[in-house]
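Enquirer: For reference, the chains in residue letters:
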Amino acid sequence: MARGTASVESGNGSREERGQNSPLSPHSSPPGPRLGSRLARWWNREGIWYLFLAPAVLLLLVFLAYPLADSLVLSFYKWKGLGARKFVGLDNFERLLDDRFFWGATWHTLVFALVVTLGTVGIGYLLATVISRRVFGSGVYRVGFYLPVMLSVVVVAALWVRIYEFNWGLLNTVLRAIGLDVLALPWLADVKYALAAVIVVPIWQYAGFPMIVTLAAIEGIPQDLHDAATIDGVSEWQRTWRLIFPLVRPVVASISILQIIFSLKVFDLVWVMTKGSPGNSTAVLGTFLFRQGFETQKYGYASAVAVVMFLIVFTLTYLYQRLVKFDAVEF
Amino acid sequence: MRSNSEDRELEVADRRTANGSPFAARLLTRIMMVALAVWFIVELYPVIFLINTSLKTDSEILSTPFALPTAFNFGNYVRVWVGEGANNKPIALYLRNSIAVTVATLALLLAVSSLAGYALARGRFPGSAATQQTFLLCLAVPVHVLIIPVFFMMDRFGLRNDLLGLSLMYTTMGVPFTVLLMRAYFLSFPVEMEEAAQIDGCSRFGVFWRVVVPVSRNAIASMAIINVSWVWSELFFALVLMDRSEAQTMPLAVIAYAPKAMMGESTIGPQFAAMVTAAMPLILVYFLFQRQITKGMTMGAIR
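So the sequences go chain by chain: A and B. Numbers 1235 to 1565, taken from our numbering, label the letters of the first sequence in order. Numbers 19 to 321, taken from our numbering, label the letters of the second sequence in order.
Please keep in mind that the hints were generated in silico from the structure rather than gathered at the bench. Just so it is clear, CB atoms sit at the ideal spot from N, CA and C, and this is done for glycine as well.
Result set (BS3-like, lysine-lysine): computed pairs, CA atoms no more than 30 Å apart in a straight line: (1) Lys278(B) <-> Lys1426(A); (2) Lys278(B) <-> Lys1499(A); (3) Lys313(B) <-> Lys1499(A); (4) Lys1509(A) <-> Lys278(B); (5) Lys107(B) <-> Lys1509(A); (6) Lys1532(A) <-> Lys278(B).
Covered by chain A, according to a simulated footprint, are these stretches of chain B (three or more residues, beta-carbon under 8 Å): (7) 58-64; (8) 290-300.
Modelling step: build the complete structure from the supplied sequences, incorporating the hints.
Expert: Written out as structure tokens, the structure is:
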């Protein structure tokens, strides 16, 4: 272990040194008269920017680039955390293909991401179209619907564990009170319902997020377009679906992709609510990775999971970035 | 602004009456209003339930889950404040750790990101375009996949169970996003002001520190507000890196105070008190800076 990581480390270290030295060296070396003024000019126009960037780049190298590279390397090794790493080639990946718990976790992650995205964006869009008509109390709705987004996922998850609780949880209390005792199920303890029960929670928590974004887009539609539509005598139904929807569709598309990416990384929620149980029926890639790594000490195998997760999320995010660009903003 | 929105309201009212059969339109509006109100209750009742339950005694929680507490009972808060349970530390300790990590992360993050964002917005140097691309690529990395190497690296540096180690990790996680937003902001910053300062003999850093930062106070504050919610709530890295309870943060307190099966259900209340304690700072931030938050989120999403 020591040798394996040490070599990677030293390679990394030298890269950092180079990154730091190139902007610094002209400054620290004693400059000759003419060379000096040229250097000073270079320093003022170009060199100093490297110094501005240095802290951010250094952090990213040490805490992002190096761990990422090491994850990739580790996925080709067998390693228990102590002792030497043993090179096993693609063994970890081959074993992943045969691991039905891995496929289960992948499947749950995809279902989770898709349903949560459809739910939040769908509900958020509907809320936004209704609120944008300035119905009575729309200001209160706007503030209220976004409030759960601000809560920590851990708090929300722990709260919903209590809501789903079999004996005295809110949900079953309501169901029993209205005479639907048959529907009072052990929501999080039954293999059949646990995943669905977990999926409801982020839809509840995050519907306000697409709502706020869509609302901003709807309110950004120029008034002339509405006026033109009014002159043409469109009905409200046509206005909603033929005018507003096509105009905000790009925003809805981008928020959907963002929500998918965000949901694929789910960990906190599942960890606090079920830890992947019962019977792995709610296990997702995040919890699978955690358990393989930190509970069974199969760090090489867990790194292979990390690589798969990285590829899925990175590809999606990269495609998303090609579609949408950062522009100048004002506060 | 004000009159404009009033105009729009009139306009909307006009539209509503002008077209379609008035009865169908009115019915549809009614249905929408009811649906909206129902969803509002669905969204907010759990939050009220959370606060309500934290003020009840354990027997009240079990027998009358919907009722208001018979008397405001701060017993649960007292129980978490002194640290009830076998190996639970007082919540003040978790709170202190969370505040320390959040403050350190935000301070580091804002310093590092505004410097880098400024360089990307103003600098014309070899590799500036490539650097910006790199920040975009870093944004696409799901941080969860870094956990195993980060764990062993922190272990070797002695930064496990160390608030500084966690803060450094959080800062790194926030850097790509914050740098790109800061760059976008500085692009809209008036160059003339900086040029004037430079003619007066200010160095690049002098311009940044004496002119740009003071004028950008609002933007930098907005960055802090946008980042505070995830830093305060982060669980994954805290769970892995902080296994000693002296060093744990609020999300871990919520887990630590979960009712233990062996102690029965008499320990439900304290967890609710811990949850409210964890949620309150963010709710407070939300009500204080609601405009900046929704605006920042919108910006982040449409970026």
